[in-house]
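Trainee: -3 is the number of the first residue of the sequence shown in the working numbering; add one for each residue after it.
A portion of the hints provided could be inaccurate.
Okay, the calculated beta carbon distance ranges per label pair [as the list claims (entries may be wrong)]:
hint: 1; residue 1: 868; residue 2: 654; range: 38 to 46 Å
hint: 2; residue 1: 417; residue 2: 795; range: 53 to 61 Å
hint: 3; residue 1: 567; residue 2: 901; range: 40 to 48 Å
hint: 4; residue 1: 809; residue 2: 867; range: 17 to 25 Å
hint: 5; residue 1: 901; residue 2: 654; range: 42 to 50 Å
hint: 6; residue 1: 863; residue 2: 601; range: 28 to 36 Å
hint: 7; residue 1: 417; residue 2: 503; range: 30 to 38 Å
hint: 8; residue 1: 417; residue 2: 233; range: 26 to 34 Å
hint: 9; residue 1: 863; residue 2: 409; range: 54 to 62 Å
hint: 10; residue 1: 867; residue 2: 647; range: 53 to 61 Å
hint: 11; residue 1: 917; residue 2: 291; range: 26 to 34 Å
27 Å max Cα-Cα, derived DSSO-like pairs, lysine-lysine [unchecked claim]:
hint: 12; residue 1: 208; residue 2: 491
hint: 13; residue 1: 208; residue 2: 281
hint: 14; residue 1: 227; residue 2: 281
hint: 15; residue 1: 227; residue 2: 491
hint: 16; residue 1: 228; residue 2: 281
Since the hints were made in silico from the structure, they are not lab data.
Quick reminder that beta carbons are idealized off the backbone N, C-alpha and C, glycines included.
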Amino acid sequence: MGPTHGPRPAARRSRRGKKAFCAVTSQPDTGRAVSTADFGPNAWVVDEQWNRYRHDPRSVDQTWRNFFAAHDVPVPAPAASGTAGAALPVQRDGGDASVLTAVRVAELIAAYRTRGHLAAATNPLATEPAATPRELDLAAFRLDHADPAAKVVVDGFAGRTTMALQDVLIALREIYCGSVGFEYTHLTDAGERRWMRERVEGPQHRADRAEKLQILYRLGAAETFEAFLQKKYVGQKRYSLEGAESAIVLLDALLLRAIDAGMADAVIGMAHRGRLNVLANIVGKSYAQIFAEFLDTADVPGVRGSGDVKYHLGAEGTYGALTGGSIGVSVVANPSHLEIVGPVAQGIVRAKQESALEGGDPHPLLPVVVHGDAAFAGQGVVAETFNMSRLPGYRTGGTVHLVIDNQVGFTTPPTGGRSGTYATDVAHAVDAPVLHVNGDDPEAVVRVARLAFDYRQAFHKDVVIDLVCYRRHGHSEVDDPSITQPAMYDRIGAKASVRALYAESLLRRGELTAAQVEGARRNYQEHLERAFAETRTTSAAPGASEAGEHPDAEQRTPRPAATSIDEPTARRVIATQTDLPPELTVHPRVLPQLARRAAMLDDGTIDWATAETLAIGSLLLDGVPVRLTGQDSRRGTFGQRHAVLTDRRNGAEYTPLNHLGPRAARFSLYDSMLSELAALAFEYGYALARPDALVLWEAQFGDFANGAQTVIDEFIASSEQKWGRRSALTLLLPHGLEGQGPDHSSARIERFLQLCAQDNMTVALPSLPSNYFHLLRRHALDGSGTPLVIFTPKSMLRSKAATSTLTEFTQGEFRPVLPDLAADPARVTRVLFCSGKVCYDLEARRRSSGSAYTAIIRLERLYPFPERELAAELARFPGAVDVRWVQEEPENQGPWSFVEPRLRRLVSGPVGCVSRPAAAAPAVGSARRHALEQETLVASAFR
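Produce the complete structure using the sequences and hints provided.
Mentor: If you want it as structure tokens, here you go:
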């Protein structure tokens, strides 16, 4: 029997090989000297060789020719280039035994290709060589008694046709069990596997003296920087890179490869470990600025908000090669939520790529994401981000993932942090090759970096590098890791640094002198000392920042923007919905909806979807690109949008708004994968890099946004205050209690309002399609650069009460407060404030009851709170002594807790609340019970 690795493919091939080979011999298993039963799971090898032989005998080794001739397999006619009718020479001796050996050697090679990484010397903390798995033993292939000097067929392994068996073993160990462990045989594409195999097994580039000096310099810079900080700022957290200094060497090799490839930019997303080192030694952030941050004398440039700790900050710079050429490099700012920066970085890259293409410049970019091992295995957003890597709306041409594998989490060892063999096992789900490399072998690290980059360039897919290293200190420099990992940290404490080990090897080989090694280290140390001294003498006190002061107030003043459009523009946009190509067969249920949009312009019943179409179409004509993504957003969760039409007959797709004319901007519309966390983070990053575009993310139901709460809290609500980064992302969150249960009712308005301060975002709940139209256009055109959160309707999408006339689009602007023009100010004694669809229930109740004493005022924008507009509207009703806030949500949810103190500033008397009783869930699960609650609530507003 053959080895036990890969039993499923072997079994399938065995059956195919048995049938194919027996069909040729016409004597299956009939007592011949050799039958397919002799090969077991290795029969597929015989089958593959026979298939090659029957097409061209010259394509197989002489041993195989002898074998097939010995079993009376007819020799095919030679290839056209050969002599007509000539037969290849056949040696009749020794066929069966040689073929059996060849099959077993082929399986041995395949086993090393597949499982050799398990025996690779990738762990710098290992005290003895990695154990060889039993499936790699010669005995597993019945080769343990073979003559080691005998020539065996290797069929292209290491570029050879035949080798001595002992040389095969030596080569297999060197290639697959050295400082690099390769995982690539899981790739489904045969061409990708072949590409990797040829480069892994082919001749390897040997670093010359200049390259070795470059490696030593990068290691010295990384180590000296960390040692300097440890000496000067004792007890301060910095999440150092010590133990993983080869990461700087790896990034250096990647960027140099990118420069050679003509790339313009690299975008790096990474958690906090090693960030300061990368900022200093890769991005080029000044040492003085970093030291000032340790001294707490520097604010984040342009920010008068909260700021953030130094190991969360981002930066931009230029990385240059010694031989010429450079590349722009940026590190994305992010919080301690570990892997969440991955999709943010991907969104930035996608946006920059599309922006460059629109300008006629391919502008290739390299996305790099640096991970921690425990987070890579443990954070679900990693899998989500991998899943989007090859989807149409999210592709970036492949990302190089660098896992800094410290072999421990905070205090948790791998046995408690993951179920798989490696932290990188999740990468297999998307067919990404994984390269494990020993961080103590920097030349191997460079080789792996180049291989990863070349793979990314060749196949435009993600690739993962697992840099196996260690963490010299604890989770932070104030932590004692020996409490939970005593044995590990005994080994680390006795271990020389990777720079020292590499320098020693160069000295030992006579490639450098001790004076050169020490001189390079001393020069870098002196450079740091000078920067430190300058910081000490020139540092200023922290800039004053008053609580509540708006950051960059002058820059943040919105530009006056005309949001109305003329009638010809409106009709031009709507014409795209009806003037469809004759060859397009629109679904019979959709076609009437599109035709109805044209009629709405004339009969004054423009609904929500038509208003949105007018907003997006007019912005495209204004030259503003629009991107809309979300789960089922092209059609719309409620079948209302139909922005992409699918041909009923052939499935072809047609986007009407992309046919406004050659000078219009592009409407990019994608159904996202079933994700909120990674999908919203991606759009945040995209909007960050495309301030010229309207970027919208839509939740399938507004409730589902809570799956992306980290993005909302850490990026959308506070990125400007923490990092000075503005992202004008728009969130569309369907909201409204309509009897659909707790998880399809509330978009949790109260959570967003809790996050509102310092004009950090706009939160709106419009009740008119025209107001929604003006709100979108204002956001896209005024340049405010802050996020916009819109709670969009469900039942109002088709409500006859919630419609607008064409005049409301050709005149006016967004109104944060909608006045009650039907109420008589002289008679009103009660004022009801509300937001959203409940206003229509209240108005219907007022009409049916004939109440002339109640005014209903709608708040269309909840934040920034429209205090001035509300005060002016309230002043119209001097006799109002009863002021109430009405909401559908339970009392402990919805806007009430936010609006109450603000309304009290406007009203001399008490302000009441009409709502559902406080509840743990957002809504009840019974439609009947919901209807009774709603009736009671509306009636209570008028009592």
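Trainee: 40 to 48 Å was suggested as the range; check whether the CB atoms of residue 567 and residue 901 agree with it.
Mentor: For residue 901 against residue 567, whose Cβ atoms are near 45 Å apart, the range 40 to 48 Å holds.
Trainee: Do the beta carbons of residue 417 and residue 503 sit within 30 to 38 Å of each other?
Mentor: holds (37 Å)
Trainee: Between residue 208 and residue 281, does the CA-CA distance stay at or below 27 Å?
Mentor: holds (25 Å)
Trainee: Given a hint of 17 to 25 Å, does the C-beta separation of residue 809 and residue 867 actually sit inside it?
Mentor: holds (19 Å)
Trainee: Using the Cβ atoms, figure out if residue 863 sits within 54 to 62 Å of residue 409.
Mentor: Given about 56 Å between the Cβ atoms, the range holds.
Trainee: CB of residue 917 to CB of residue 291, is that within 26 to 34 Å?
Mentor: Taking Cβ atoms as reference, residue 917 and residue 291 lie about 50 Å apart, which means the hint is violated.
Trainee: For the pair supplied as a hint, residue 228 and residue 281, confirm whether the alpha-carbon distance does not exceed 27 Å.
Mentor: holds (18 Å)
Trainee: Would you check the hint for residue 208 and residue 491, treating anything up to 27 Å between C-alpha atoms as holding?
Mentor: holds (22 Å)
Trainee: Assuming the hint says 26 to 34 Å, is it satisfied by the Cβ distance from residue 417 to residue 233 or not?
Mentor: With Cβ atoms ~32 Å apart, the hint holds.
Trainee: Per the hint of 38 to 46 Å, is the separation of the Cβ atoms of residue 868 and residue 654 within bounds?
Mentor: The hint (38 to 46 Å, Cβ to Cβ) holds, given that residue 868 and residue 654 are roughly 42 Å apart.
Trainee: Verify the proposed pairing of residue 227 with residue 491, using a straight-line Cα cut of 27 Å.
Mentor: Measuring from Cα to Cα gives roughly 20 Å; hence the hint holds.
Trainee: If you draw a straight line from the CA of residue 227 to the CA of residue 281, is it 27 Å or shorter?
Mentor: holds (20 Å)
When the structure is compared with the earlier hints, a violation turns up for hint 11 alone.
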